[in-house]
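Generate the whole structure from the sequences, applying the supplied hints.
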Amino acid sequence: MLHTTFGNLGEIYDGPHATPTRLASGPYFLNIASLKSGRLDLDASDHVSEEDFKHWTRRVTPEPGDLLFSYETRIGEAALMPEGVRACLGRRMALLRPDRAIVDPRFLLYYYLGPQFQRIVAQNTIHGATVPRIGLSTMPHWPVIIPNLTQQRAIAEVLGALDDKIAANSRLIYIGDQLSSAEVQRAVADGPVVRLGDILVLNYGKALPRAKRIPGEVVVYGSGGESGTHIRALVEHSGIIVGRKGTVGAVYWSNGPHYPIDTTFYVTPLIVGVDPVLYYVLRGSGLANLNSDSAVPGLNRDEAYAQSVRIPERQVLLELSAVVRQRLDWMDSVRRETARLAQTRDELLPLLMSGKLRVKDAEQIVEEIA
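Take the sequence shown: its position 273, counting from 1, is numbered 273 in the numbering used here, and each next residue is one higher.
Think of the hints as simulated: they come from the structure by calculation, not from any bench. Just to be clear, a hint being listed does not mean it is correct.
[Stated by the list, open to error] Computed cross-link-like contacts, DSS-like style, restricted to lysine-lysine with a CA-CA straight-line distance of at most 25 angstroms:
no., residue 1, residue 2
1, Lys-206, Lys-245
2, Lys-360, Lys-165
3, Lys-165, Lys-36
4, Lys-212, Lys-245
[Unchecked claim] Distance ranges between label pairs, derived from CB positions:
no., residue 1, residue 2, range
5, Arg-210, Thr-150, 40 to 50 angstroms
6, Gln-185, Ala-101, 48 to 58 angstroms
7, Leu-2, Gln-326, 50 to 60 angstroms
8, Ser-137, Thr-229, 35 to 45 angstroms
The C-beta atom is built at its ideal place from N, Cα and C for all residues, glycine as well.
Written out as structure tokens, the structure reads:
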């Protein structure tokens, strides 16, 4: 094992302490929202002009294999810079350009996200008056303990196999969702125009304070999406949830029993079994634009009922709902597999980093599930 410091693993650079004009296209502007579960989410990134790109990359231009991390707010998040992406660092973002003679970039990412280094991050987090942050001036002196390069690459390969499968599953889910959305859009193009109130009921969710929730198999939904679990369902079947207070008009699908709380509506279709298609219809209905003018953002049910939408003819609606339901079930099974893979990765990570589990044994585990 090599006992060294974080600064000896490479060069640390931070982004400009300002924000450029953000555009819909152009080079990427990497911000803290770009970091998600060890991966770079470019869909959550903004864009800048070519002129601003030159200004924002005077100090450093992110290169493939750079470790990107946040030093304010979302402390502990990190991702690797991928190939083929032109981007600049945003505010609260920094990178470590690894010395590849000392550390493998992919291993470095797993090490950064691992419990040992996360404890070091937590110990050095400064909790100020505004947001938590880590001091980039002291970060180079943080102690690190890493294996030799051969072991690093072996560990990275094992964990990377799981991450690659997780990424592939995410793409499958995205493709399935886009396919269903496109099919519904085609089906409604020539369909009749109806009011939402003629085809569904928006039921009020029920309060369930966190203190009263007992962790279980039932997903709890708030207006922002999944919000924990409970042992009892309010809705005993799959269905649609709509944000009522907070994230107004957001639309979610729950594949199975669920508990929508009082910041949401849950949907009952007036034609039995067509909720899969209504889910995609509601996503495109513009409910988020019906935000009330009160101090707390809210969706007025009568205004929602008055919204006009197109739906397919009845027979097409029923047939397409059956097809979309099958695809939603399949997407849910892929999500469950992804959760198992992520759990396995997270369990293997500290064992491999500590040497308690041999790489060969980890490889066998991965082969059995991936």
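Hint check results:
1. Lys-206 to Lys-245: At roughly 13 angstroms apart (the allowed maximum being 25 angstroms), Lys-245 and Lys-206 satisfy the hint.
2. Lys-360 to Lys-165: holds (19 angstroms)
3. Lys-165 to Lys-36: OK: Lys-165 and Lys-36 at ~16 angstroms, within 25 angstroms.
4. Lys-212 to Lys-245: With Cα atoms ~20 angstroms apart, Lys-212 and Lys-245 stay inside 25 angstroms; holds.
5. Arg-210 to Thr-150: 40 to 50 angstroms: Given range 40 to 50 angstroms: holds, Cβ gap about 47 angstroms.
6. Gln-185 to Ala-101: 48 to 58 angstroms: holds (53 angstroms)
7. Leu-2 to Gln-326: 50 to 60 angstroms: holds (52 angstroms)
8. Ser-137 to Thr-229: 35 to 45 angstroms: holds (42 angstroms)
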